[in-house]
Structures are given as structure tokens and as C-alpha cells.
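Asks: Chain V: place on chain Y using the hints.
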Amino acid sequence: MGQYDGDPVIALRGATAALGARQVLRGIDLTVRRGETVALLGANGSGKSTTVRAVLNQVPLTGGELELFGTPLARFSAWQRIGYVPQRSTAASGVPATVREVVASGRLGRRRFRPLGREDRAAVRGALELVGLAPLAREPVDALSGGQHQRVLIARALAGEPELLVMDEPLAGVDLASQRVLAHTLREQVARGCSVLLVLHELGPLAPLIDRAVVLRDGRVERIENPDRLHDLACHPHGSEPVGGSDAALRIETGKVGLAAGEADSEARV
Amino acid sequence: MTEMLDYAFMQRALLAALLVGITAPAVGIYLVQRRQAVMGDGIGHVALTGVALGFLLSTNPVWMAVLVACLGAVAMEVVRWYGKARGDLALAMLFYGGMAGGVMIINLAPNGSNANLTTYLFGSITTVSDSDLTAITWLSVFVLAVSLGLRRQLFAVCQDEEFAQVTGLPVRLLNLLLAVTAAVTVTVAMRVVGLLLVSALMVIPVAAAQQLTRGFAATLGLSVGLGVLVTLSGTTLSYHADVPPGASIVVLAIGLFALVTVLAAPLAKHRARSVARGETEGTLGHSEGSDRAAATHRTTRV
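So the protein sequences, as listed, match chains Y and V.
Residues in the first sequence are numbered from 1 upward in steps of one, following the numbering used here.
Residues in the second sequence are numbered from 271 upward in steps of one, following the numbering used here.
Quick caveat, the hints were computed from the structure, so don't treat them as lab data.
Think of the CB as a built atom: it goes at the ideal place given N, C-alpha and C, for glycine as much as any other residue.
Now the in silico label distances, taken between C-beta atoms and shown as ranges:
{"id": "1", "chain 1": "Y", "residue 1": "118", "chain 2": "V", "residue 2": "345", "range": "39 to 47 Å"}
{"id": "2", "chain 1": "V", "residue 1": "513", "chain 2": "Y", "residue 2": "129", "range": "52 to 60 Å"}
{"id": "3", "chain 1": "V", "residue 1": "412", "chain 2": "Y", "residue 2": "118", "range": "27 to 35 Å"}
{"id": "4", "chain 1": "V", "residue 1": "401", "chain 2": "Y", "residue 2": "65", "range": "53 to 61 Å"}
{"id": "5", "chain 1": "Y", "residue 1": "70", "chain 2": "V", "residue 2": "418", "range": "34 to 42 Å"}
{"id": "6", "chain 1": "V", "residue 1": "380", "chain 2": "Y", "residue 2": "114", "range": "47 to 55 Å"}
{"id": "7", "chain 1": "Y", "residue 1": "129", "chain 2": "V", "residue 2": "421", "range": "21 to 29 Å"}
Next comes chain Y alone, as it looks inside the complex:
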């Protein structure tokens, strides 16, 4: 797609990384340009999550280069420009926290040590409304379902008004209603110029939003798929898998249902 010749937001070249003694990334090239939505696909253990965590400086690179917003990692400090949605952890925290409290912590990157002001409260409220959790703002996070919890983590990232969203498996264990909210939220973020890097198991309801899918295998980029091929990829994310064919068909079916409702939803809001 020629429309994304903007500056690279993420430029990863020849990246290698290890977890303990195991070489996980064996030379990854990955570029995400301004306004672009890129999906990272691949089987378990292919290095998707490690790639994302390397981009976020949570896994040190043993080789290669990383630039964020055109700045080499060593000199990069504008972390508030990045919104991170980690894989939903099942481990609950030891002390209760309300939905609003968790979402507000996404604002600290911008505020640092200054107290939160009116602008911050508005951003938190806006993020909660966008993911449809405003009515549950005062509820404890522990009482939410898996899908609702995922939406809390997304709202936390959005509260910081990021220019780049990085999401690790946002669809994992998420009910249909929350998948629709996710697709709608992503569309809104892309519309306001946000770049997105997503780790996905299958494209599902997000397929129409994605500009490029990068398929990883054994720590290397196996292939890069452009939009015209994405429909096939949504059906068969890992090439010709011996099992799960009907399963994959089922996934794309549910994806379509979710998408149609999501579109109706966004039109109704406009």
C-alpha cells in the first residue's frame, strides 16, 4: 500500500534476542509506519510476544537495531507516546482496585510526578466510554469477566493518548461483545492517526483493519502478507494446518458477525 510512506514509528532491523539460553529471535525486520496497522502472526513459540517485548525494551536485543519514532532506542525516552496492552494476566493483584484506578495509571506516563488534573480525568473518562466500561468505573477489576478485563487494559493504554498502540493477543479469551468493542476502538484509533502493532493468533474480526500481516516462524519473518491476501490468512493463519480446518472456518464466521455489529455500532455513534 503506497499510502503509508510516512515516517517509521517502529524500525526493527536484524533483531536477535534470547530468553535464557534459548535463542528466540533470529534476525527480525519489522517496520510500522505512521497510521499503519500491522499484525504479527505465527504459532506459539515463533517469537511474536518476544518481538513486541523487545520493541518495548522489556527484552534486551543481543543484536540488530531498534528505532522508535526515528530515535535509536538508547536515546529514546518519549515512552508516553506508546500505549501498551499486555497479555491479560489471570493473576489477580493482592489488593482490590477499581476499573477507574487501573485506567488512571495509564495517564502517569504523561503526568510523571505531578498530580492528575482536569485534562487527565477527562482522558480517563473518554477511554472508559470508548471501551464501554463507564458504567463499571467504580467496580473492582477482580469482579469483571475476561473480556471486560481486557477492555480495562485497553482503556488504560488509551488514557495516555498514545500515537502507537502495541497489543499482545488482545482477542485471547475475549467474548464476542468485547471483540466487537475492540474492533470499534481500534478503528477509532486508526482514524485519528494512531499506528498499531498487534500480536494475534488469528485475525478474526480485526481482519479488515489490518494493513499488513507479518508471519513469524522460529524467530524469523516467514512471509509478509498484504491486504488482498488477508482474507485467506484469516481463514488459514498458519498455512495448511493438518487439523482445525473447520475450526478456522468457524472463527472467520464469528469474525464476520462481530464485524457487522461493530460497523453498525460505529455508524450509530457518528
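Replies: Here is chain V on its own, set in the frame of chain Y:
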């Protein structure tokens, strides 16, 4: 009942108890949130070595305990960063080393014996001196400045350390600050509840409060309230029953915890219902039955 207030030592003891009741839960809540509830215990054991060093060098044991406890807490934090040893094993080493070091050093000190340590191990209201009270007051100011002033930052770090790091917060600095603050709190509390029971006061009020609350700020507020309640009543009980204050305070705290646990059961049911209601009121009323069942299940577990 009020005649105890005529004694200067009781006025000092109650003031110290008040400060401990506020500071211990205010710091303890972050340790509980991070599932490091026993960290206070580890620091307490290390502080014992500091107390003994104070006797050996004939300096104020409180300040020496502050110094040694801070070093121990920082060491624990460094071990956690580099993951060189399993966290629980590193903590265990500090427990044993702190206790053994304390007993060894106190017996090397001139006129020193294990008896000197008893007031530090279990607390003693009659021996809180004016200079102790001054030290406790200044240390409490520091502890509250950190635990309340930086509560959003510390909350974010303890809730999800990786996210806090990605968002640009100085996570290592905040972790170190929390470790030092916990160490200072332990030494503030040691004259009142004693080093062996100090951790109880950092943990039990939080554990009791969180059964009644939905959010972090509310838990912080209520646990400080409960902390003050048990330290003041425990100190009073200690005066009348002539037992070490550490024991009476902790026994009262556990009693309060049990009481709250019984009272909280109906509340959990109500809370589950209100979450289900909030979901249907919201723009997304498509929550599936299984979702709701899961929410109910999770809430009642608390």
C-alpha cells in the same frame, strides 16, 4: 480509664502507637499488593542486627536499625532485579542472617545480653523515650510523604510492573524508594509492636480492609483507620493488662480481621449483583450468562 494519660510515658506511647497505626498499613498495602506480605518480617529480622550494632557501638539503636534495615531492604530489591537467587530463598537468608547476627553482636557488646533485645522484639511502651519519639515522628513524616504522595505511581508499579516501565515511570527508583520506606516503617514500629510482630501491623489491617472495599484508595484509607484503632486500643490494653504492646495489638488486629471476615460475606453477594446490573445498564448489554456467573464466582471468592 483516663488516668493513664496522666503519665508522660503513656502519652509518648500513645503518640508513638498512633504514628505506627498510620504508617504501617500505609506502606504495607503496597507490599500486599505486590504479594510480598512477608517482606516486612525479613526487614524486621535484619533490623535486629542494627539494634545490636547500636548497643555494641554505644549509639542510638533506633538510628542504627534504620541504617541496617535500609541496607537489607535495598539488598533484597537488588536480588529481585537481577533474579540471581529465588526471591523466597533470598528472603529466608535475610531472616536467618539478621536474627543470628543480632544475637551474636548483642552478646559481644559490653553489658549486652539477649534481655536487651526483648523490648525490641516484642515492643515496650514504658521505654519510648523523648528522643525515640522525635525519631519516630520524623521517620513517620518521611514514610507518609512517600506512601501517600506517590500513591498513584507506587500503585501502578505494584499493580503491573511491566506496564509501569513501558509507560516511562522510573520503576527501579520507585521500587528502591518503597523498599527503603518499608525499612523505615519497620524501625518506626519496632518500639511499639516489636520487630517480630511489626509485619503483622503492615498486613492485617490491609487484609481486613480489602474485604469491605472495592478500590485501592478506599482500602488505603480504611486500613489506616483500622491500624490506628488496633494500635491505640492495643496499647491501652497493654497498660491495663501489663503485657507487651506488640502482643495485645496483634491479637486485637487478628480479632478485628475475623470479625470483618464474618461481616463481609453478605457484602460480597451484593457486590456481585451490582456488577451484573452495571453491565446490563451499560451500552453493551450483551453479557453472556457465563460471563456473569464468572463475575459472581470471582467476587464471592474474595
